[in-house]
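For chain H, the structure is supplied; the task is to place chain X on it using the hints.
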Amino acid sequence: MAGPMRIRAASNGTETEVKILMSHDMETGQRKDASGALVPAHHITELTATHNGRVVLAAQFGPAVSKNPYLQFKFAGGAKGDKVNVSWVDNKGDKRTDEVVVA
Amino acid sequence: MKNSTYAACVVASAFMFATPVLADATAEGIAKYREALAEGNPAELWEMRGEELWKEARGPKKATLEKCDLGQGPGVVKGVFVTLPRHFADTGRVQDLESRLLTCMETLQGIPADEVAKTPFGKGEQKNIEALVAWISAESRGMKFNLPMAHPEEKRMYEIGKRAFNYRGGTHDFGCVTCHGEDGKRIRLQDLPNLTKGPDAARGFGSWPAYRVSSGELWSMQRRLNDCFRQQRFPYPMYGSDVTVALSSYLGVTANGTVESIAPAIKR
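Top to bottom, those sequences are chains H and X.
1 is the number of the first residue of the first sequence in the numbering used here; add one for each residue after it.
1 is the number of the first residue of the second sequence in the numbering used here; add one for each residue after it.
In the PhoX-like style, the derived pairs of lysine-lysine whose C-alpha atoms are separated by at most 20 Å in a straight line are:
#, chain 1, residue 1, chain 2, residue 2
1, X, Lys267, H, Lys67
2, H, Lys19, H, Lys83
3, X, Lys127, H, Lys67
4, H, Lys67, X, Lys123
5, X, Lys197, X, Lys155
6, X, Lys32, H, Lys19
7, X, Lys162, X, Lys197
8, X, Lys144, X, Lys78
9, H, Lys32, X, Lys123
10, H, Lys32, H, Lys92
11, H, Lys92, H, Lys67
12, H, Lys67, H, Lys95
13, X, Lys55, X, Lys67
14, H, Lys95, H, Lys19
15, H, Lys74, H, Lys19
Not the full set, but computed from the structure, chain X residues with beta-carbon under 10 Å of chain H:
#, residue
16, Glu39
17, Asn41
18, Pro42
19, Glu44
20, Glu47
21, Met48
22, Arg49
Derived coverage of chain H by chain X (criterion: at least 3 residues anywhere in the stretch with Cβ under 8 Å from a Cβ of chain X; other residues may be distant):
#, segment
23, 2 to 8
24, 12 to 24
25, 56 to 70
FYI, nobody ran anything at the bench for these hints, they're computed from the structure.
Quick reminder that beta carbons are idealized off the backbone N, C-alpha and C, glycines included.
The shape of chain H in the complex, shown without the other chains (with noise of 0.2 Å):
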């Protein structure tokens, strides 16, 4: 089970920033643990991020990216109490959304 996301948004009028904490190991693939085995690939495959349900950003996540990714973007339109939606999925198949509100 993989913890909530934290996601800020905020528009100016003209455009809205997302900010978004994930909380995943991201595992490469590549690293041994104590006893010498490799640790299993277990990362992000899949972003999408819509606004009022239409795609904004959609993104292929592969094992260089980071623990606990941070992303960031900027999308045309979008204002106050309007709804952001995250989602990812990772190489085991676990899933995760979380919503929020335009500030």
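Same frame as chain H, but now just chain X:
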């Protein structure tokens, strides 16, 4: 041949850093990097969990920590971080945030304190403590340290902490003071705060707990101190032991009234 080229490079870079202007530019660059990191400080993820944990009924007694007295009355969290360690009448001890949390977890929730203290960092209940200290320290962000020094025990712990800080020993004749007793020192690119002086002590003491980017972990003050002992080649101190609390008392009192706390900060 290769070696001599390498040596020449090292000499050249040593000269570069000797030039004050460039040294400032380097420090500025590092400061910018830190700023960029702080924008998305994952310590926030711990803060969120800590706030939930505070209100969650847990342990054999199925109780929350909402009646926990961190020094400003039961349940008060705002501003307590900058007043700890302090003397608590109910335990008769000077306690830092973490040893006080152990007391609360034991008395309110029935979670045995000595077992939590024995748990390795980052495992089991210690994980929960990380989240709790992240949230509790965040509730004092932007406040200046204001540790009480009225009680004789508080004065005693400060003096013990001062002695422990200046105590040199072990295989390398190290003490805290070896690295943290002078201005303008650094190890590689890490600036070392002079913890014997107010503003630096506040910058050092007031940034832990912190998220460490290199390991992706949140380190509490106890864990930070534990690692200082390791670096000095000293035996590990017991979790929440008097010597660690005394060191925190010394650092906190030295930091009093100077620079605002930024904990939980983000570190390389």
